[in-house]
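Engineer: Chain by chain, the residues:
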Amino acid sequence: MDAGRLCRIWGLVLGLFFAAPLGYLAYENVRLRSDVAGILAVARTWGPLRNSLLLAGAVSAAAMVAGTAMAWATVRLNLPGRRFWAALAPLPLVFPTFVGATAFIALLARGGLAEQILSPLGVGALPRLQGFWAAWLVLTLFTYPYVYLPVRARLRHLDPVYEEAARVLGRRRRSVFATVTLPATLPAISAGGLLVCLYVLSDFGAVELLRYETLTRSIYANRLFDRPTSVAHGLLLGVVALGVVGVERMLARRRSGGFSATSDRPPPLTDLGRWRWPVCAAVVAFLLLALAAPLATLGYWAGRGIANPHRRVGAFALDGAGIAASAASTVVVSSVAAVVAVLVMLPLAWLLVRRPSRSASASNLLVTAGFALPGIVVALALVFWTLQVPFAAAVYQTLPLLIVGYLLLFGAQAANAARAAVGAVPRRLSEGAQTLGARRWRRLRTVELPLMTPGLLAAGGLVLLSVMKELPLTLLMRPTNLPMLSTDIWNSTESLFLAQAGLESLVLVAASGLLTWLLVLRRSEFA
Amino acid sequence: MDTSSSTLLRRAGRGIWLVAAVTALSLVAAACGSDDDGAPVSSRAPASPVEPAPPPPPEPGDPLTIYSGRSEDLISPLVEMFEETTEIEADVRYGSSADLALLIEAEGDATPADVFISQSPGAMGYLATQGRLRVLPSGVLDAVDSAYAAGDGTWVGFSGRQRVLVYNPNLVDPADLPDSVLDLTDLAYDGRVAVAPANSSFQDFITAMRFESGDDATLSWLEGMAANNAPNYPKNSAIVDAVLRGEVDMGLVNHYYLLRFLAEDPDAPGVNHSFAFDDIGALLIVTTGAILDASDQPTAAQAFIEFMLTRQAQEFYASETREYPLAAGVQPPEGLAPLNVADVMDTIDFDVLGGGLARTQELIDQSGIVR
Chain A
1 MDAGRLCRIW GLVLGLFFAA PLGYLAYENV RLRSDVAGIL AVARTWGPLR NSLLLAGAVS
61 AAAMVAGTAM AWATVRLNLP GRRFWAALAP LPLVFPTFVG ATAFIALLAR GGLAEQILSP
121 LGVGALPRLQ GFWAAWLVLT LFTYPYVYLP VRARLRHLDP VYEEAARVLG RRRRSVFATV
181 TLPATLPAIS AGGLLVCLYV LSDFGAVELL RYETLTRSIY ANRLFDRPTS VAHGLLLGVV
241 ALGVVGVERM LARRRSGGFS ATSDRPPPLT DLGRWRWPVC AAVVAFLLLA LAAPLATLGY
301 WAGRGIANPH RRVGAFALDG AGIAASAAST VVVSSVAAVV AVLVMLPLAW LLVRRPSRSA
361 SASNLLVTAG FALPGIVVAL ALVFWTLQVP FAAAVYQTLP LLIVGYLLLF GAQAANAARA
421 AVGAVPRRLS EGAQTLGARR WRRLRTVELP LMTPGLLAAG GLVLLSVMKE LPLTLLMRPT
481 NLPMLSTDIW NSTESLFLAQ AGLESLVLVA ASGLLTWLLV LRRSEFA
Chain B
1 MDTSSSTLLR RAGRGIWLVA AVTALSLVAA ACGSDDDGAP VSSRAPASPV EPAPPPPPEP
61 GDPLTIYSGR SEDLISPLVE MFEETTEIEA DVRYGSSADL ALLIEAEGDA TPADVFISQS
121 PGAMGYLATQ GRLRVLPSGV LDAVDSAYAA GDGTWVGFSG RQRVLVYNPN LVDPADLPDS
181 VLDLTDLAYD GRVAVAPANS SFQDFITAMR FESGDDATLS WLEGMAANNA PNYPKNSAIV
241 DAVLRGEVDM GLVNHYYLLR FLAEDPDAPG VNHSFAFDDI GALLIVTTGA ILDASDQPTA
301 AQAFIEFMLT RQAQEFYASE TREYPLAAGV QPPEGLAPLN VADVMDTIDF DVLGGGLART
361 QELIDQSGIV R
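Those protein sequence lines, which keep their order, are chains A and B. Residue numbering for the first sequence follows the numbering used here, beginning at 1 and increasing consecutively. Residue numbering for the second sequence follows the numbering used here, beginning at 1 and increasing consecutively.
It should be emphasised that the hints constitute simulated quantities derived from the structure, not laboratory data. Take these hints with a grain of salt, some might be off.
What the hints assert, rightly or not - Sample of chain B residues at the chain A side, in silico, Cβ under 7 Å: (1) Glu-72; (2) Tyr-126; (3) Gln-130.
Claimed, not checked - Here are the in silico distance ranges between beta carbons for each label pair: (4) B:Glu-362 x A:Gln-116: 20 to 26 Å; (5) A:Leu-514 x B:Glu-89: 51 to 57 Å; (6) B:Asn-229 x A:Val-123: 46 to 52 Å.
Quick caveat: nothing in here was measured; it's all calculated off a predicted structure. Don't be surprised by glycine CBs; every beta carbon is placed ideally from N, CA and C.
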């Protein structure tokens with residue numbers, strides 16, 4: 001059987017697999033005899049739906065601008081310390097939003113740390129941090145890396161020859177950016193923006209704490225005592241997500257015709273001249289807000305607890321060994337999940353770029369839209385389908401099934417980024433190798449994989465960071481005694497052990513920083 | 001911590017607590033109320049803590065599996081004591097009570113869980129209505145006052161947290177604080193009292209109020225709070241945090257969150273105010289435990305439930321986590337009056353409370369308070 005047909009079959013299998021959560025929601029709606037039409041017709045549905053769309057749209061727009069700007073600045077401008085800023089930039093993605101939102105409230109709300117520090121300067125009572133703009137700010141700061149990572153990979157390996165040609169032909173810098181660089185980068189920007197949009201639709205932590213009534217908040221608030229509303233809203237969210245993905249795909253097709261040339265030649269740096277330091281200051285200021293601000297709050301909690309260890313209540317004490325054990329298993333599990341996700345999704349990405357077909361597009365639609373469903377829905381769907389299988393108890397709440405769950409949640413990220421990676425391989429190179437007699441596997445190994453590596457690493461990096469902070473699925477599906485940082489942080493936060501929560505969050509950020517640097521950025525820089 | 005908790009303790013000393021056995025109960029027992037001998041609510045049998053039983057022979061196979069909606073720091077020390085005492089190995093999965101209840105429902109007969117611990121009666125009641133819980137033996141139920149156990153005998157209370165009004169002494173004169181939660185609709189409290197309408201403890205409190213005063217009176221109290229612009233927060237801890245920062249003057253919460261915040265930051269300005277002894281605002285929210293119907297280790301599961309009601313475990317609640325132990329005869333946290341069930345409670349049958357939490361949520365939505 002040739003590779004193309006294998007890929008096609010695999011694509012269909014994936015489509016079926018990723019339809020599981022939607023299938024579960026449909027089944028629940030039938031089982032609970034929920035009056036879907038009646039529920040959807042009332043204001044309790046339209047308000048949250050409108051809010052979900054508004055927030056997802058606004059955050060995506062802001063994240064696309066911020067992510068692209070940060071990628072551009074760290075790849076193409078001669079900023080002092082740009083490698084360092086480049087390594088820090090993806091990290092805000094690793095804050096679980098319930099921790100991030102708590103930290104921002106403690107920092108920016110009335111009577112918070114910022115007010116205490118700034119009050120001598122005459123800064124008065126800050127407003128309460130809640131509602132649309134608060135959710136917009138916090139979610140933008142924590143999701144822009146979805147855009148930053150793929151755009152950076154694209155910019156880093158874009159063949160400079162096109163831009164040079166445009167310059168030689170007399171185009172100004174700004175015009176080169178608008179007519180050459182931006183169109184070549186647009187697929188990556190749009191793919192990242194789509195992930196941001198879907199993530200915001202699924203997020204519960206930030207909208208709960210910052211009090212913005214979205215569909216996902218309604219799914220959670222009604223999950224136990226108004227199941228029909230909860231599952232109807234879940235189904236609605238799934239349909240909305242399918243629509244969003246469909247629109248993005250349509251736009252992508254319309255603008256197709258971009259070029260896909262990559263190069264190992266380092267991209268030319270633009271000398272900013274006297275703007276060098278002001279632009280650097282802007283990059284640092286943004287990182288201060290997205291990364292240093294929440295870290296400062298977490299550090300403050302941790303420091304306060306370490307300074308006063310005797311003030312503990314109950315049987316609790318700061319537990320260094322426990323944190324280390326959790327960090328170790330978190331690193332291993334998330335790395336495995338990242339590798340599995342990229343390997344599983346690569347054939348579908350290949351299919352979409354090289355052998356586009358209706359069935360491949362349908363699979364992609366299901367894979368991607370699944371990312372908008374809240375973790376609790378996906379977790380319960382996984383439980384439901386697993387237990388339909390005979391002898392499922394053998395794998396239930398074991399590591400392999402947990403990895404499968406992560407794939408179900410984050411396969412969209414891997415597929416999207418991998419598609420960009422495949423798109424970076426010029427078709428003529430594959431064809432050239434074929435003409436020269438190289439067989440399928442040899443072409444993959446010697447020509448295509450090396451060119452795809454940066455994009456695939458970015459794909460793995462996204463999954464890695466997402467798994468490290470994932471909560472609902474991890475709580476319900478992990479092996480009982482497997483320690484994970486995300487669940488530890490949740491436990492500490494629920495118990496208001498802020499010192500412990502702060503320390504665990506700092507370890508989470510440090511571990512993910514180290515991993516993204518070692519596994520993603522460093523290799524992608526020197527690949 | 002000293003000033004505020006002693007204030008809490010002093011004020012609380014006056015109180016007698018109503019019970020939040022509330023929700024669960026509801027339809028449940030009414031629906032399947034065949035076992036009249038279960039534990040009549042009016043019984044005042046001299047209850048006492050469970051005597052440590054000789055360890056049952058370990059059952060073959062997996063360790064005992066506990067799903068706990070109560071957080072790890074409160075449960076894991078007790079589980080360790082249990083393992084030491086009985087030599088039964090136990091695994092615990094922590095999560096929110098609602099998520100774990102949904103998980104147990106989805107797992108059905110295949111559930112690995114033997115025991116479920118719920119933060120409040122609501123999630124437990126949900127499983128009871130689904131018929132997922134086993135009826136506990138009367139010896140276990142008799143360890144606590146009948147008000148703290150399900151009428152149909154499917155669950156039993158371990159410990160309780162009191163509903164209080166937390167306030168910031170820099171912003172509030174204690175003399176202005178009311179004796180009854182019902183007075184908070186007064187114009188004097190306009191915009192000053194935070195509530196958490198999406199939180200299960202608040203909803204349990206509203207359910208109890210419906211029971212005591214009826215749906216109409218409850219709705220008009222909620223409408224009064226909405227008209228009074230009660231600031232809205234997602235949960236208890238967010239309210240206490242906001243009070244300590246000075247963002248809002250006071251708020252309706254469970255007593256123990258403040259103690260936790262003060263443990264982290266002893267200088268934070270916060271004091272718990274208890275309502276009068278017979279006020280619905282001074283409700284006790286009960287942590288409950290049950291054995292799952294599908295448990296394959298019911299003997300070990302029962303040993304765990306019994307252990308949680310022994311003097312050793314109950315005293316841990318009082319001394320370490322500063323909650324109210326429910327097994328009669330065990331002293332409450334130092335300085336607090338013994339827990340009494342008011343005579344009026346004898347006449348209350350929580351089990352016939354209709355509509356349960358779904359109806360409570362309807363009333364909250366109807367009142368104009370955004371849930």
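Engineer: All hints are to be evaluated individually against the structure, with a verdict given for each.
Structural biologist: Evaluation of the provided hints:
1. Glu-72: With a closest approach of 5 Å, the Glu-72 (chain B) hint holds.
2. Tyr-126: Because about 5 Å separates Tyr-126 (chain B) from the closest Cβ in chain A, which is inside the 7 Å limit, the hint holds.
3. Gln-130: Where the cut-off is 7 Å and the nearest Cβ of chain A is about 11 Å from Gln-130 (chain B), the hint is violated.
4. B:Glu-362 x A:Gln-116: 20 to 26 Å: 42 Å, violated
5. A:Leu-514 x B:Glu-89: 51 to 57 Å: With a Cβ separation near 36 Å, Leu-514 (chain A) and Glu-89 (chain B) fall outside 51 to 57 Å, so the hint is violated.
6. B:Asn-229 x A:Val-123: 46 to 52 Å: Given a distance of about 26 Å, which is not inside 46 to 52 Å, the answer is violated.
When the structure is compared with the earlier hints, violations turn up for hints 3, 4, 5, 6 and for no others.
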